[in-house]
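With chain W's structure known, arrange chains D and Y on it following the hints.
Chains as they are written, first to last, in the numbering used here: chain W, 1 to 356; chain D, 1001 to 1545; chain Y, 2001 to 2312.
Since the hints were derived computationally from the structure, they do not count as laboratory data.
Incorrect hints may have been included.
Stated by the list, open to error - For lysine to aspartate or glutamate, the following EDC-like pairs were computed, each having C-alpha atoms within a straight-line distance of at most 20 Å:
| hint | chain 1 | residue 1 | chain 2 | residue 2 |
| --- | --- | --- | --- | --- |
| 1 | W | 356 | D | 1053 |
| 2 | W | 254 | D | 1329 |
| 3 | D | 1281 | Y | 2073 |
| 4 | W | 156 | W | 255 |
| 5 | W | 161 | D | 1125 |
In this text the structure is predicted, and so the values were computed from the model without any measurement.
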Amino acid sequence: MKMIKRFGALLLLLGGLFLITACSSNSSSSKSSSSSSSSKQVTKQFKGETMNVVTTSDAYKPLFDKFSKETGAKVNFLSMSSGEVLARMKADKSSEPMADLWFGGGLDAFMQAKSDGLLEKYQSSSVKKIDAKYRDSQGYWLSKGLTVGGLLVNKKVLKEKGLPVPKTWADLADSKYKGEIIMSDPAVSGTMYAIVKGIIDKDGEKAGWDYWQKVNDNITFYGKRGKDPQEKTASGEFGIGLIPVDQSAFDSAKENDLKVIYPSDGIPWVPEGIAVFKNAPGQKMAKAFIDFMLEPANMKQLAKLDGKDTDQIIMPGVKGLDLGLDKKDLIKEDLSTFGSDRQAILDKWAAMVGDK
Amino acid sequence: MKRKHFGSILADKTVYILLSVSILGFILYPYLSIFIQSFQEQGIAFSAFIRQDAVLLQHSLFIAILTMVLTVFMSLTLAIFFVFLKSKWQKPLRLFLLVTMVSPPFVTSLAYITLFGRRGMITHDLLNLTFNPYGAHGIILMETLSFTSLNALVLIGMLHQLEPAVINSARSLGAKSDAVIRDMILPLLRPGVIVVALISFIRSLADFQTPTIIGGSYRVLASEGYFAVISAGDLHRAALINFTLCIPALLGFFLYIHYEHTMTTQHHGLSSDTNALPLPKKGWFFPVTCCLAVIFYGALLLQYGSILINAVTVKNMGQLTFSWQPLLDSRMYLDGTILRTVSYALVAGFVGSLISFLIIYYSQIRQSRWMNLIELIGTFPYILPGTFFGLGYLYAFSGQYFHLTNLSIIVIINVTFKQVAFATKAAKAAVAQVEPTYFKTVHDLGGTVLNEWHDVFFPMTRQGFALTFLNGFISTMTTIGSIIFLIRPGQKVMTIVMFDVVQRGEYQIASVIACLIILICLIMAGLVFGILGLKQRRWLHVSRS
Amino acid sequence: MFLEVKDLTKVYQQKNVLHQLSFGVETGEMLVVLGPSGCGKSTLLSCLNGFTQVTSGTVRLLGQEITKAMPEDRDITTVFQSYSLFPHMNVLQNLMYGLKFQKIGKKAAKAKAIKMLQLLQMTEYQTARIQDLSGGQQQRIALGRSLIVAPKLLLLDEPFSNLDEKLRLSMRLELRRLQKELGITMVFVTHDQQEAFAIADRILVMDAGKIQQIATGAELYNQPKNKFVLTFIGEANQLANTAYVRPECIDLRLDTNGQGQIIQKIFQGATINYQVKLPTQTFWITRLNRGAAFEVGDLVTLTYQVQQMEGK
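With the rest of the complex left out, here is chain W (with noise of 0.2 Å):
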C-alpha cells in the first residue's frame, strides 16, 4: 500500500511538472475566434491564443508586445535562419506548420518558400503603401525593411599594419590587405550573398567575378555565421569585416573603437521578408500582425528595433534612424533574378573558394 502511494506521489510529481512544460506548445492557438479581422479593430479579439513567430532575431520582442497588448494574442517566438526555416519546414511534414509567421530572413528564401508553396496568400488592405518592387505581386510575402552591405573597420589593427582606411568595395582587392578581410559565406549569411550579388550586378557579370577573385586572394577563411565578420573585427582578429550596416554596428564600433563604413562605390542591399505560413493555425493572427506593423508608427518601430536609417525603410513617410545611408548610393540591383540565380550564384562561389 504506502508503495503504491509513493508511486502514485512521484506520478503525481512528475504530472506536474509535464503541467508545466508540455501543455505549454502551441495547439492552443487553432481555435481561431470568428470575430472580424478588419485591421483596425483591436479589441483584444485574440485573447487567450498564442502566435508562434520565426524570426531572425530576438530583438522585436517589443513590438510583439506591442501587438500582444492591443490584440491579447500572446506572442511565441524563435530565431532561425531562412535556411533553417526551409530545412524543417521540408523535413517536417506536420500538418501544422511549426509557426504562423515568419518574420524576417533574405528574400530569397521567401521566394523559395513561394514556389515550395509553403505560404500563405495574404494581401493587406494597407500593403499598397509599399512600393510594389518590395512585395510579392501575388501577396505571397511582403518585405519589411531593407539590409545594407557595408564595412567595419578596425583602426587600431589597421595603423598597427601601416594600412588606410578603406573607402570603396574596390579597396578591398588590393593586395595589401591580404589577410585582414573577412566575411561570411555567402551560402549562410543573406547579408554577404546580397554584397555578392549587388556588385555582380553594378559591373556586370565578368567584372563583378574578377573583383571577387581579388577579394578572395585577400581572405583566409569565410565565417560560418552571420556575426563573425562583426565580431572578429571588433575583437581584433582581422581589420576589416564585411557587416550589415544597422544601428548594432554602429554601437559595436562605439564599444570596441571601431568605424562604420559606407562604401562610396554603391550599397548592396537586400529585403528582408515576412510572410504567413500555408495552413498555420493562427494566421489570422498572422494576417492582423501584418496590418498591425504596416501601420506608420509601428513601422517607426520596427526601424528603431531594426537599428534602420530612414533609408532602409520600405514605407514612404516613416523616419528611422539617421546612420548617414545615402539612398541615391544603393546599388541597382535586380531583384527579378535575385532568388532564382542564388543557387548559381553560390555553387559558382563555392567552386571559386575551394575550401575557405
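Same frame as chain W, but now just chains D and Y:
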C-alpha cells in the same frame, strides 16, 4: 495473495513492453526514418559524395584522433597529479573540474578567442605574438580543453577504486613514486583510459559547434552537416554526412564495448580501508604533471574567468567597466525559459534514469537477451551526432502516423531518450554492486517483482541512481544539437537562447546565460550530493548503533 | 637488538591510537602481535613499514633509525591481508617485481623467481595469470614476492585470515618452514590466538593502543600479567582480586553431598565443557573426553589450586 501476484505480473509485463516499445519507437524509429527518407530524396549518391568530400572525412578523423590523444594525455596527467595530492587539496581541484565539466557550448570557444585570438588578451597583448587560432589546431585545443575535465574525473574516480594494498605492496617492495606510477597506476588505469579515449573520439566527431567558431577554413563533417541544413536546407547532404560520421563512430563504439567489458571484470579482491595515496612528491612524474596541471587549470581558470567577467561588464571604446547591465538585459531573453529548462532537465534526468535502470534490471538481473539488444539500441544517440537524432525526430514524428512535433513533449522525449545511452552504462555499474542473492531472497520470502524493485533494486542502487539523474540533468541543461531543429516557438530552452544571442553577437548576455546554466547545475549537484551525504550518514548511524 | 621500537606514539584525529610502545625483536625471531580488532595492531604495523607517520618515538632497524624513512627506502617488506598481487602481471612477473629495485639483472631475477617457486612448491604456475590462482596459491605467491627481495624484516598483516581452516593450518606450517629455512626476522599480526601460539617465538599482546604483555605463548597462558591477558588468552574462572583458575585445572568428582551441581554440558569432541553452579559462583570446567561423563543435574565436588596474576 493471488490478486497481488496477478498485479505484479501485469506490472512486470507492462513495464517490459513499455520499455521495449519506447526504445524502439523513440530511438530506433527516428534513426530509421531519417535514413530511409533522406536517401529517398533526390541528390547525389553516397559513393559520389564520398569521392567528392573525402577530405571532410579525413579532417574529421584527424581532429578526432588528435583530440583523443591529447585529451587522454591531459586527463592522465591530471589523474597522476592527483596521486601526489592529499585529499584536502584534491577536493577543491575536483570541484573545479566538476564546474568545468559543464561547458556551455559556444561560449567556451568564444572565451578562447578573446584570450588566444590573433589579438587575444594573452597571445597578443601579453606575449606580443601574432598567433592564428583558427584552424585544426584551434579545434583540437578547444575540444581537448573542454573534454579533459570529464575524462580526468572518470580517471580520478577510477584511481580511488584501485586497491590500496596493491600500491602499498609495490612500495614495500621498494618501488619509488615513478615506479609505482609506471608499473602500477598506468597499467591499472588502462581500461579507463581506453574508455575515455573512445568517448573523446566520438564526442569530437559529433561536435559541430567548436569547428563553427574556431575552425576557420577547416571544414569537418559535423559542421558541414549542420551548415547543409541551415544554409541550404539540404537534408539529403546532411544525411549523407551523418551517415559518413556513423562509420568511424560505430567502429570506435565496438572497441568501446569490448574494453568496457574488460573494465567491469577488472575489480576483484578485498580492499582495506587504509589509503595508499598520496605518493611522496619525488621523481619525474611529480614536477612534470604538476607543471602541466598548473597550465591546464590556468587555462580553464582564464576561460571561465573571462566568461564570468563578460557577464558582469560592459564595453565602451574598448574599455571594460563593471555593470549589472548584461544581467538585466538577459531577463528579456530568458522570460520563463529558466523554469522551463529546469523542468525539462528534471523530467528528462529522472525519467531517463528510471528507464535506464529498468532496462538494466531486465538485462542484468533477469538476464533478458532481448533487453540487451534494447540496451544496445539505446546507445545509438550517444554514438551518432545529436543533430542527426533531432532531424530523425522531425522526420519520424511529423508524419501522418505520429503527429507530435507540434507538442513540447517531443522535446522532453528527445532529451530523455538521448540520455539512455550514458545512463544505462552508469546503471550497469551501480547494479553490479548489488549482490544477486538479494533478489532471490525477496522471492524466497514471498515477494513479487514489485517488491524486488521497491525493496531491493531501487534502494540499493540509490546512489548510482542519484548520480545518473544528476548526469542526465546536467547533460539536458547543456544539450543543443539534438533539439536545435526540434524546438518550436514557445519551447525555447536556455541553451537555444544562448545559441541565439551568440549568433547575434551578444556575448555579454550569452555569458550571463552560461553562468546561470553552470550555477543551476552546481546547485543541483550540491542538492544531490547533500541528500546522498545525509542519507549515508543516517545509514552509518544505524549500522553503528 | 635487531628491531628496536621506543616510545612509539601515534595520535590520529585527537585519539591516541598507539600509546608509548617500546619493544624489541631479536634476529631471526618471529614476533606475533596479537590483539582484538581495533586495538591498534595494524597501525603499529603501518608505522613499522612506513605507510603511517608516527607522532613521536623511534624505530631502529639494526641500530639505524628509520622512523621517518619512506616505505620504499626501508629494508622491510609487507604481506597484506588482501593478497594484493598485481593483477596485470603473471606469477613470475609478480615475484620478480621487487628485484627490479635491487639492480638485479633480468636473467638473475628470473632464476631467483623460479627458485622461489620451487620453495613455494608452485613451479608449474610460472606464467599463470593471478586471476587463475586459488586463494591459498595467491597468498603463497604474495609471501614469495616479499621473501624474494630478502628483506631484513618481513611484516605480515593477518595474511591467512581469508583462507579456510585447513589451508590456514598448512600455511602456518609452511610459513614457519620458510622462516627457519631463510632465517628472516618477522612480525606477524593476527587476532587469532591459536595462530599466534602455533607460529610465534614470542607474542606481543595489545589492547587499546598499549602493550599488555610480551612473552612466549606458554608464559602468557600460564602467567598472564593482567586481567585483559587472562581473559583474552584462553578461558578462566575469575576468583577474588587477582586470583583465577583455568577450566582445565579443576578436578571434578561425583559427590552426592557435593556443593556443586552441573547445570550445562557442552560436547566439544576431544573435550567436554561443564558449567557448575556453586553457592558463591559458577565455574566452567573442561575435561578430556575420556572415561565416564557427567550429566546435567549431577552433584559434584571441585578441587583446584588458585593461581595469581601479577596485576589487575
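Do the hints match the structure? See the list:
| no. | hint | result |
| --- | --- | --- |
| 1 | 356(W) to 1053(D) | holds (14 Å) |
| 2 | 254(W) to 1329(D) | holds (19 Å) |
| 3 | 1281(D) to 2073(Y) | holds (14 Å) |
| 4 | 156(W) to 255(W) | holds (14 Å) |
| 5 | 161(W) to 1125(D) | holds (15 Å) |
The structure agrees with every numbered hint stated previously.
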